[in-house]
Structures are given as structure tokens and as C-alpha cells.
Amino acid sequence: MKPNFWQYLGYQFGRVLPPSMQDWVREDLVGHGAQARYLIRFTLPVIPFLCLFLLVPGPLWIGLAMMALLFIPLVYFAIALMNVYRRHRLLVHDLDPQLLGASTQAKLDRTRDDYERRHGRLD
Numbered sequence: 044m045k046p047n048f049w050q051y052l053g054y055q056f057g058r059v060l061p062p063s064m065q066d067w068v069r070e071d072l073v074g075h076g077a078q079a080r081y082l083i084r085f086t087l088p089v090i091p092f093l094c095l096f097l098l099v100p101g102p103l104w105i106g107l108a109m110m111a112l113l114f115i116p117l118v119y120f121a122i123a124l125m126n127v128y129r130r131h132r133l134l135v136h137d138l139d140p141q142l143l144g145a146s147t148q149a150k151l152d153r154t155r156d157d158y159e160r161r162h163g164r165l166d
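Residues in the sequence shown are numbered from 44 upward in steps of one, following the working numbering.
Please keep in mind that the hints were generated in silico from the structure rather than gathered at the bench.
Be aware that a few hints might be false.
[Stated by the list, open to error] If you anchor each label on the Cβ, the simulated ranges turn out as follows:
(1) Val127 / Pro62: 18 to 26 Å
(2) Thr154 / Pro100: 53 to 61 Å
(3) Ser146 / Ile105: 37 to 45 Å
(4) Cys94 / Ile122: 17 to 25 Å
(5) Arg69 / Leu103: 43 to 51 Å
(6) Lys150 / Pro62: 41 to 49 Å
(7) Tyr128 / Gly101: 29 to 37 Å
(8) Gly74 / Arg153: 16 to 24 Å
No experiment lies behind these values; they were computed from the predicted model shown.
Cβ atoms here follow ideal geometry from the backbone N, Cα and C, with glycine treated the same way.
Make the full structure from the sequences, and use the hints.
Structural data, given as C-alpha cells:
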């Protein structure tokens, strides 16, 4: 079940969706494209405020430099805290935080199985 506009807007600002939407939340937080969605959600709302620096009198590069001085660390910390935030959102929605590493673990398991199939077990 997909949230309506108001539920989605509340979800973007940290509200918890009803349990009937846990599948959608799981897909949103750990599904394909979850990291890109997170970065877009984190950085896109800030851009209009950063554009206010373009109103500062002076050459264009000064406004752009001031924007960059805030935007670059924002993106850096957004990336650094991505898993912490996504894990928190999973916990708030009563989902297993181990879901974040499930795809990585599955990839490691496939690599190990492939290695063992080619070279035999090393016990």
C-alpha cells in the first residue's frame, strides 16, 4: 500500500506511517535506489535557501562560493550519516535494522559460494 500525499509529506518530515505501509517503507529505505532517494530528500529542500546567497551584492562567484561552502559539507555529512538515519527510520517503523546490510550480505554469500564452487572448501 502506498501513502497518500499527506502521509508521504509527513513521512518526509519524520512521521511514522501506519503498519499497513511497512512494505512500502521497507522498499523506500532498503530497496533499489534508496540511497539516491535519501540524498535527494536531504539536499533538495536546502537548495532554495542556498539560492538566497545569489542575492548578495557582488560578483556571481561570491554567491556560488558561499553556497558551496554550505552545500559540500551538507552532502558530506548526509552521506556519512545515511546508514544511521535509515536504521533509525527502520526502527521507528518496527522493521529490522539488519535489512540495511541484507543486500551486501547476499552479495558476499554469492561471492563465497562462487569461490567454493570453483576452488572447493578450505577447512
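Next on the checklist: Output the indices of the hints that this structure fails to meet, ascending.
Outcome noted: Violated hint (a single one): 6; every other hint is consistent with the structure.
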